[in-house]
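Chains A, B, C and D supply the protein sequences, listed in that same order.
Mapped onto the working numbering, the consecutive letters of the first sequence carry residue numbers 1 to 314.
Mapped onto the working numbering, the consecutive letters of the second sequence carry residue numbers 315 to 674.
Mapped onto the working numbering, the consecutive letters of the third sequence carry residue numbers 675 to 961.
Mapped onto the working numbering, the consecutive letters of the fourth sequence carry residue numbers 962 to 1468.
FYI, nobody ran anything at the bench for these hints, they're computed from the structure.
A portion of the hints provided could be inaccurate.
[Said to hold, decoys possible] Selected chain C positions facing chain D (Cβ under 7 Å, derived; list incomplete):
# : residue
1 : R716
2 : G721
3 : P735
4 : G793
5 : T797
6 : R811
7 : L816
8 : Q819
9 : V904
Ideal placement from N, C-alpha and C gives every residue a C-beta, glycine not left out.
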Amino acid sequence: MSSGPQAQVTLAPPAPVFARRTLADRESVLGPLMLAPALVYVILLVGVPFVLAILLSFSSATAGSLDFNWVGLRNFTRLLSDPQFHRSLGNTLRFMLVSQVLVMVLAVTAAHVLDAAFVGKRLVRSLLLLPWAAPVALASMAWVWIFDSTFSVVNWTLKVLGLLPGWLYWFGEPGLATVAIITVHVWRMFPFATVIVLAGMSAIPQDIREAAVVDGAGFFRRLFHVNLPMLLPVVTVAVLFGVVFTATDFSVVWLLTRGGPYNSTHVLATLAFQRGILGANLGEGAAVALFLLPVLLVAAVVMLRLARRAEVGT
Amino acid sequence: MSTLTRPPITEEPTALGYVETRGLCKHFGDVRAVDGVDLCVMEGEFVVLLGPSGCGKTTLMRMIAGLERPTAGEIYIAGERVDDDVPPRARGIAMVFQSYALYPHKTAFQNIAFPLEAAQVERSTLRRKVEWAAALFGLERLLDRHPRQLSGGERQRVALARAVVRDPRVFLLDEPLSNLDAKLRAVARFELKQLQRQLGTTTIYVTHDQVEAMGLGDRIAVMDKGKIRQIGTPRDVYDNPADTFVATFLGSPPMNLVEYDERTLVGFRPEHFLPREAFGGEADLVTYRLRVREVEYLGSDRLAYGYLEEERRSDQPVIAAVPITVTLPIAEGEAYEFAVRRRDLRFFDARTGLRKPAPS
Amino acid sequence: MTGRAVLRGAKRVALYTAAAVFTVFAVFPFYWMFLTAFKQNRDLYVGATNLQHVPWIFNDPPTLDHVRLLFFGTPYLVWVKNTALVGLAVVAITLGVAVPAGYSLARLAGRWGERLGIGIFLTYLVPPTLLFIPFARVISLLGLQNKLGALVLVYPTFTIPFCTWLMMGFFRSVPRDLEEQAMIDGYSRLAVIGKVVLPLAVPGMLTVVIFAFTLVLQEFVYALTFISQVERMTLSLGVPVALVRGDVFYWGSLMAACLITSVPIAVVYSSFIDRFIAGLTAGAIKG
Amino acid sequence: MHDRTSRTRGAGDPNHREGVKLGMDESRKAAGAGAAQAEDVRISRREFIRKAAVATAALGMPYFYVPKYSLAQQRTLRILTWSHFVPAFDEWFDPFAQRWGRERGVQVTVDHVSFADIVPRANAEVAAQQGHDLFFFLSPPSAFEPHVLDLRDINQEAERRYGPMVPLVRKSVYNPNSRKFYGFSDNWVPDPGDYLKSVWTAVGYPNGPATWDDLIKAGNEIKRRFPEIQIPIGIGFSQDIDSNMATRAILWSFGASIQDANENVVLNSEQTIRAVEYGVRLFRECMNPAVLSWNAASNNQALNARQTAYILNSISAYRTAQDNRLPVADDIWFVPALRGPGGRWASEHVMGVWVIWRFARSPDLAKEFLLHLVDNYRDAVLASKLYNFPSFMGSVADRRVPVAEKPDAGRRWMRAAVIRDPFGSNPPDKLRVLADAEQWSTNIGHPGPANPAEGEIFDTYLIPDMFAQAATGRLSVREAVQQTHRRCVEIFRKWRQQGLVGGGRDR
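Chain A on its own, in the form it takes in the complex:
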């Protein structure tokens, strides 16, 4: 690295000759230099296509064409009066919120379980990581198979246990399809969230927790008044992960329902794909895809700020 200059350092010579600053010392140079690759990468490889995508959303481009016939806001205004778009937007938010709430509840509970000492804990922890290690495209296929209403092992089991009077047509009814999609999201993300929360819990100083126990705080008091507030920054990170994953997710919904039945479970990503790519309506698809961006931006900025603030607070 900087062995050259170092070699010149001599200790307490009679007449000191101080080594001068080299490149390796200059923060004003090092800073930009170290940031440059990331910036260049992001600007060139995300920025350029992103700008093109924005241009697309203002054009009537079709079928892969990058000819930008400017149509102004027409794609957007058409979407705003499109009930299917509204449903997709609602679905996106619904899937995101519900699955995140469930993920966090499960993760906090699971983390508390894993925090306790019991036989087989390491094994349980490894097994919990499995969903996260699975390629989502393939794992979703497994769920397609699990929920296939003709062959569903879930239905079979419920039926044998006598818990199912009728029959569950998982992807055939919008409500059940929503349940299925959220289940897969939760399944996929809660292990990771658990790990994050576990990490957060291991960071809560033991003395604070013990103090709470000594004070006679019950489990829920401890949870809500000690653990959760201390976990907030970590939980924010987990939620942020989750929000980003669910909000931009394409694979799960697409593989599970392809937006069906009757386009009732589309999210913006799948609707954009169906309209823009399959329906060859590129401009409109781009508009759909970009619609969520402002929402995500606001959410992300708020949460990042929150995370940082909480961090400074500790």
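Keeping the supplied structure of chain A fixed, place chains B, C and D upon it in accordance with the hints.
Same frame as chain A, but now just chains B, C and D:
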């Protein structure tokens, strides 16, 4: 902001200092953390930078270390200018942080050896030196431990050993004792002083604790609001404060300041302010009538809080520290004759706060 | 005393029950994959209304047909190799770019660091569903069509933003004192990063490795866009291409592919998990 | 062009034919009388696989000793096609293309994508203005018209060689508004009804349903008599390609359609309402919500698991059952399109259309190859196990037959093939109904041509959604029809603005 322009510095150095700053400034936006500091530290000297938190003492030290870039001014070490273009690593300094900054991923041995590795010291020499430094602080048996396995005192000693091992020109110590408990601190202070005497290394020591400063420093530089208010021997600074800030910052309880006349404040130390009777027949005393509000017994002495029963000074609180040897009764609510020797009075300009001669 | 013992016992039971429930939820799809991967087709395609046919077990002797098809009828191992190659390269690039950038933002960029960091992070939110169209043009201009290099180039666009942000947090959690101490101890800023900061940020980098590799493993849309030759595909792309043929799904082989891919990765992840937890903590809140 | 193509034929064909004959002779020796029985169907399935394996091995060889000069000046042809549902087809096609390339000093690469990924992949290539020379679609890629070459020349050349293409094919590759052949089709796939003979026999229809009405009558009976069958009639109303075909078949058979022959939207009609009403009845009486969720594989799986007794599909479900040696294979029989008040119509199941991008680097080689493919279509049909039907019927005729008679000769050959299925059908004439498939099959866009508007409606599943919304009662039949009609009009308008769709007098 003080209206002080340039505080009088007692004992102007005659020779060029070993560490010297000239007109050194550091501004963070509008905040002038260090505002034109001239400091001159002689070779082998132990200088303490003393001041309240936020006074700029740490920033000053960090500039000397090269960790902050001065906004203006010059820094010399061993007669050579270093302020702009010599990185910290090349300045031949050693520094001990308040947190000790031990590398958590390295053992005590590796921590101590780390500066030597930078200098590419040969392996056997390195081992010898580390062992020498460890022996100096009684760390021989802790060398394999990681910092988290060490107690606070042990960590501090590892940090010192690391500072010593490379035989630096200058030690910079940033409140190295503040994380120790009171008992340990006294011992450590003594050891530190001994060590510095023994090694003879020029040392700059930052603290906000006046007891440390008085006990350790060959000279003390009292800082406030980015400026050095006064620099001198502990005794000098204590006895002859250059301004009202120094007068009130040093000493516990601080110097009493009361109005003398329109343009003058008069100051006297609580321990010099005793019941009239304690002085016996001594002449050249100034007497005041003290209305006592509260009395604290501190074992070695009594602190009497009150105010002077004089027309223009009735609103000014005054403290008297009466040694336990003076057995006169002092009751709360009563008024007594108190006195101070005229030679123990110090006069300050009411407007600038600067020391001035006794008004005739 | 007995009351306490009962309470304690109840707590243990609750604990084990909860652990069991979580494990079942996480693992049962994998058990299902396992069954599907080794079941004979006639054991597989049985309607769920047939309550006599227990789907949870092998009713017919298990078969290796599906696994055999996966390994010998498709270039599965080539895809594994490609995925590993791309994964390694992407991890290397991500580390090489995000680590310095994260450090720069945390320590060297001053007040702009935070905003720039958030800005870079936000690019991660751009949905790839449509971005792949303009991306295709960029890749073709670079002449990388149908080369693994295209993926190596593109995947960092979504690993770098996130990992830069992640690393920024980690570097902030490394006490400044340590770095300054090292600078005084005789090292340049650059040497300090190498000798002090990076060793302390290992958990963070581990996080980056896991994150980047997971994304590479998951990604599908860009792979589809840029790679058309079967021998150059990654797992997520190749498996459906070979095993979803028109309206016939080779369920057994599909599930075998998912299972055989996931388990080793989960094993590797779980061996990292302790450091990973430590890493995340350091990054998110100061340890 | 003419010169080149004729040269192609001269050089390529005889060798290849000889190879096939040789293989056939060997197979006769090896497999004896059991193998290829049909006179005209000359190659056994096992033989094909073996040939494919040999070819693959042979293809591997050049990698080890490629002559130095050949790489430098070699021309390349890059082909992208789907992963054919019959794996043996790919095993035939890839070496076939390679062999053609070797004979011409052309380096040929064949890439495959999953059927669902064809369109996204095409989008990416257009956006990149780079990719393959030859690109294969499963449905008419009319939306890509601006980006592809006019293939009038090879379409005409193929017709010159083999007689006219099947009419539904013409409507799927030719845009009458722009007068452009945007594609070249080598094959299409019929979409008959598949039924379980034992079940239908038990309810009094030993030969399966003939009308849409039969479907409901028998469906109710099946529901009563066979409670273990979850979905008596398995017609998808879901976001999937099979559902698209099936719901269009209902529309057409009830005399309704999305557009008329002149590309005006006419969906909102009494006929459509009756068709949808029929769909609602079918759904409520003989199906269940599972069909709202079906993907392309679902109806196959349900039929093979005896969970439904009737599906509309290609023969893929049947072939899968055979491959997996499921006993149900023998119970699967076929019926032609069902008759309704408006006639008897089924959509093609697959319309295989090749395009050559404007940015293709070797368009001439691509054209040459397509003609070569059609020249060898008999092999292709067999490699696909009778899944692929030739777009130029004449291309499967015996080569000695004069051009004028080729289409009929080809049809006879196809009839012979399906009547004596060489791939192990029991009885061998089980596929007989496919012989007349041409009569009851039509194209997307019927009675008009395929066009981008029809394509978008197809790919966004508006028609199955219309049925599903009405069937579940989310919308009344009339509302569902009207809503879908409005959306269709919107889509047509948009594409008319691009000049790719005709008409303009929407209802």
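Hint-by-hint comparison with the structure:
1. Checking R716/C against chain D: minimum C-beta separation of about 6 Å stays under 7 Å; hint holds.
2. Contact between G721/C and chain D, as hinted, is supported at the beta carbon level, the nearest pair being about 4 Å apart and thus within 7 Å.
3. Interface restraint check: P735/C against chain D, minimum CB-CB distance 15 Å, threshold 7 Å, status violated.
4. Restraint check, G793/C versus chain D: the minimum CB separation of about 27 Å is more than 7 Å; hint violated.
5. At its closest, the beta carbon of T797/C sits 20 Å from a beta carbon of chain D; the interface hint therefore is violated under the 7 Å criterion.
6. The criterion of a C-beta within 7 Å of any C-beta in chain D is met by R811/C, whose closest approach is roughly 5 Å, and the hint holds.
7. With its C-beta approaching chain D no nearer than about 10 Å, L816/C sits outside the 7 Å limit, and its interface hint is violated.
8. Hint status for Q819/C: holds, given a least beta-carbon distance of 6 Å to chain D, under 7 Å.
9. With a cut of 7 Å, the hint placing V904/C at the interface with chain D holds, because the nearest CB-to-CB distance is about 6 Å.
The structure is inconsistent with the numbered hints 3, 4, 5, 7, although it conforms to all the rest.
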